[in-house]
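Enquirer: Start from the sequences, fold in the hints, and give me the full structure.
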Amino acid sequence: MLGKLTSPFKLRERGIMGMNQRNHGYIGKYNDRSKYPLVDDKLKTKIIAEKAGATTPALIASSVTRRKRNASTTWSKTGRGL
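Read in order, the letters of the sequence shown are residues 1 to 82 in the UniProt record's numbering.
Treat the hints with care, as some may be off.
Stated by the list, open to error - Below are the DSSO-like pairs computed for lysine-lysine, each with C-alpha atoms no more than 27 Å apart in a straight line: (1) LYS29 / LYS51; (2) LYS51 / LYS35; (3) LYS46 / LYS35.
As the list claims (entries may be wrong) - Ranges between beta-carbon positions, derived for each pair: (4) LEU5 / SER34: 35 to 41 Å; (5) LYS4 / ALA49: 30 to 36 Å; (6) ASN23 / LYS44: 16 to 22 Å; (7) HIS24 / ALA52: 23 to 29 Å; (8) LEU38 / LYS4: 34 to 40 Å; (9) GLU50 / LYS4: 34 to 40 Å; (10) VAL64 / THR6: 38 to 44 Å.
Simulated from the structure, these hints should not be mistaken for lab results. Glycine included, each C-beta is placed from N, C-alpha and C at the ideal position.
Expert: Here is the structure:
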């Protein structure tokens, strides 16, 4: 049995994948790269899951990154949205 804390080597011996191995070797192998923008955005993923009938936790808050905000907003020279 494994204790509360154990080494990655003991986990690997028992067949447990690390995050990088899981992402690269399993998720990347079986999922279409063109769908990544959907699953990289947690809000989009939540909406897709709800439409498919999956139970999701309640949304507490949502934020917008500067890049997304700049792409969707016209800005004046003062930096304030118009």
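Enquirer: If a hint holds in the structure, say so; if it does not, say that too.
Expert: Going through the hints against the structure:
no. : hint                      : in the structure
1   : LYS29 / LYS51             : holds, 25 Å
2   : LYS51 / LYS35             : holds, 16 Å
3   : LYS46 / LYS35             : holds, 14 Å
4   : LEU5 / SER34: 35 to 41 Å  : holds, 39 Å
5   : LYS4 / ALA49: 30 to 36 Å  : holds, 32 Å
6   : ASN23 / LYS44: 16 to 22 Å : holds, 19 Å
7   : HIS24 / ALA52: 23 to 29 Å : holds, 26 Å
8   : LEU38 / LYS4: 34 to 40 Å  : holds, 36 Å
9   : GLU50 / LYS4: 34 to 40 Å  : holds, 35 Å
10  : VAL64 / THR6: 38 to 44 Å  : holds, 40 Å
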